[in-house]
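Peer 1: Chains as they are written, first to last, in my numbering: chain A, 1 to 116; chain B, 1 to 119.
Quick caveat, the hints were computed from the structure, so don't treat them as lab data.
Using N, Cα and C, we set each Cβ at its ideal position, and we do this for glycine too.
The reader is advised that the hints may include incorrect statements.
[Claimed, not checked] Pair ranges (Cβ atoms, derived):
hint	chain 1	residue 1	chain 2	residue 2	range
1	B	K52	A	K78	36 to 44 Å
2	B	R9	A	S74	22 to 30 Å
3	B	Q67	A	T18	30 to 38 Å
4	B	E75	A	Q44	42 to 50 Å
5	A	S7	B	G58	21 to 29 Å
6	B	G40	A	A71	42 to 50 Å
7	A	T20	B	V119	26 to 34 Å
8	A	S42	B	N77	21 to 29 Å
9	A	Q2	B	R63	36 to 44 Å
10	A	K78	B	M53	38 to 46 Å
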Amino acid sequence: AQTVTQSQPEMSVQEAETVTLSCTYDTSESDYYLFWYKQPPSRQMILVIRQEAYKQQNATENRFSVNFQKAAKSFSLKISDSQLGDAAMYFCAYRGIKAAGNKLTFGGGTRVLVKP
Amino acid sequence: AAGVIQSPRHLIKEKRETATLKCYPIPRHDTVYWYQQGPGQDPQFLISFYEKMQSDKGSIPDRFSAQQFSDYHSELNMSSLELGDSALYFCASSLDKWWGQQGATYGYTFGSGTRLTVV
Chain A
1 AQTVTQSQPE MSVQEAETVT LSCTYDTSES DYYLFWYKQP PSRQMILVIR QEAYKQQNAT
61 ENRFSVNFQK AAKSFSLKIS DSQLGDAAMY FCAYRGIKAA GNKLTFGGGT RVLVKP
Chain B
1 AAGVIQSPRH LIKEKRETAT LKCYPIPRHD TVYWYQQGPG QDPQFLISFY EKMQSDKGSI
61 PDRFSAQQFS DYHSELNMSS LELGDSALYF CASSLDKWWG QQGATYGYTF GSGTRLTVV
């Protein structure tokens with residue numbers, strides 16, 4: 001079974017600075033998808049960024065970028081120019097592609113605090 | 001753009017009662033997922049449906065059942081409710097293309113969740 005580990009329960013960053021969240025996963029599959037989701041206090045789950053394992057190029061979405069290291073099974077998220085609205089719980093998630101309807105497996109989450 | 005609609009937003013039930021949660025996926029999405037998130041926890045997968053057939057199953061209690069209807073909406077039925085069932089229940093939908101042994105996904109879209117409180 002796949003597992004996702006986020007080793008940082010909480011990270012603090014100054015507004016306008018950069019913070020990097022770590023995520024490692026374990027899988028025997030060669031193709032899969034990785035995601036970062038943001039959950040603000042409203043508890044809505046919001047997709048931040050998505051990476052296909054077969055793509056070597058790291059995904060970017062505005063101020064959010066990932067460092068995907070397939071061999072190391074590492075998928076970190078970098079938030080640049082942090083804003084107060086970035087304060088939230090961030091979940092790393094894994095999904096295989098062997099069958100339709102396969103679940104997302106989440107890590108334990110990292111709480112990001114943004115200091116003004 | 002249309003999102004995933006969940007109803008009700010909040011639900012309070014007593015122990016041993018039953019509850020039904022509803023989920024309306026994004027139009028043309030063919031896959032629906034149910035997750036349970038307890039306080040301070042990550043979402044735990046319950047069950048999923050692809051094209052109205054159960055496609056994957058997680059740690060869903062036997063007291064819970066779910067189905068996906070012909071219009072692709074899904075319902076999660078929970079019976080004999082326990083205090084420990086109090087949680088936020090998310091529904092998500094995705095458009096999964098299925099071919100051969102592999103498929104592709106365009107990412108999940110989550111609903112706003114139903115907060116169930118069992119007293």
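Peer 1: Between the beta carbons of Q67(B) and T18(A), is the distance compatible with 30 to 38 Å?
Peer 2: Violated - the Cβ-Cβ distance for Q67(B) and T18(A), about 46 Å, lies outside 30 to 38 Å.
Peer 1: Between S7(A) and G58(B), does the C-beta distance stay in 21 to 29 Å?
Peer 2: 24 Å, holds
Peer 1: Taking the CB of G40(B) and the CB of A71(A), does the distance hold inside 42 to 50 Å?
Peer 2: 33 Å, violated
Peer 1: Given a hinted range of 38 to 46 Å, is it respected by the beta-carbon distance of K78(A) and M53(B)?
Peer 2: Since K78(A) and M53(B) have Cβ atoms about 39 Å apart, the given range 38 to 46 Å holds.
Peer 1: Using the Cβ atoms, figure out if E75(B) sits within 42 to 50 Å of Q44(A).
Peer 2: 21 Å, violated
Peer 1: For the pair Q2(A) and R63(B), does the Cβ-Cβ distance stay inside 36 to 44 Å?
Peer 2: 27 Å, violated
Peer 1: Given the hint of 21 to 29 Å, check if S42(A) and N77(B) actually sit that far apart at their C-beta atoms.
Peer 2: 26 Å, holds
Peer 1: Is 36 to 44 Å a correct range for the gap between the Cβ atoms of K52(B) and K78(A)?
Peer 2: 40 Å, holds
Peer 1: Kindly confirm whether 22 to 30 Å is satisfied by the beta carbon distance between R9(B) and S74(A).
Peer 2: Violated: the Cβ-Cβ distance is about 37 Å, outside 22 to 30 Å.
Peer 1: The hint says 26 to 34 Å between T20(A) and V119(B); measuring C-beta to C-beta, is that right?
Peer 2: 42 Å, violated
In the structure shown, a violation is registered for the earlier hints numbered 2, 3, 4, 6, 7 and 9, in ascending order.
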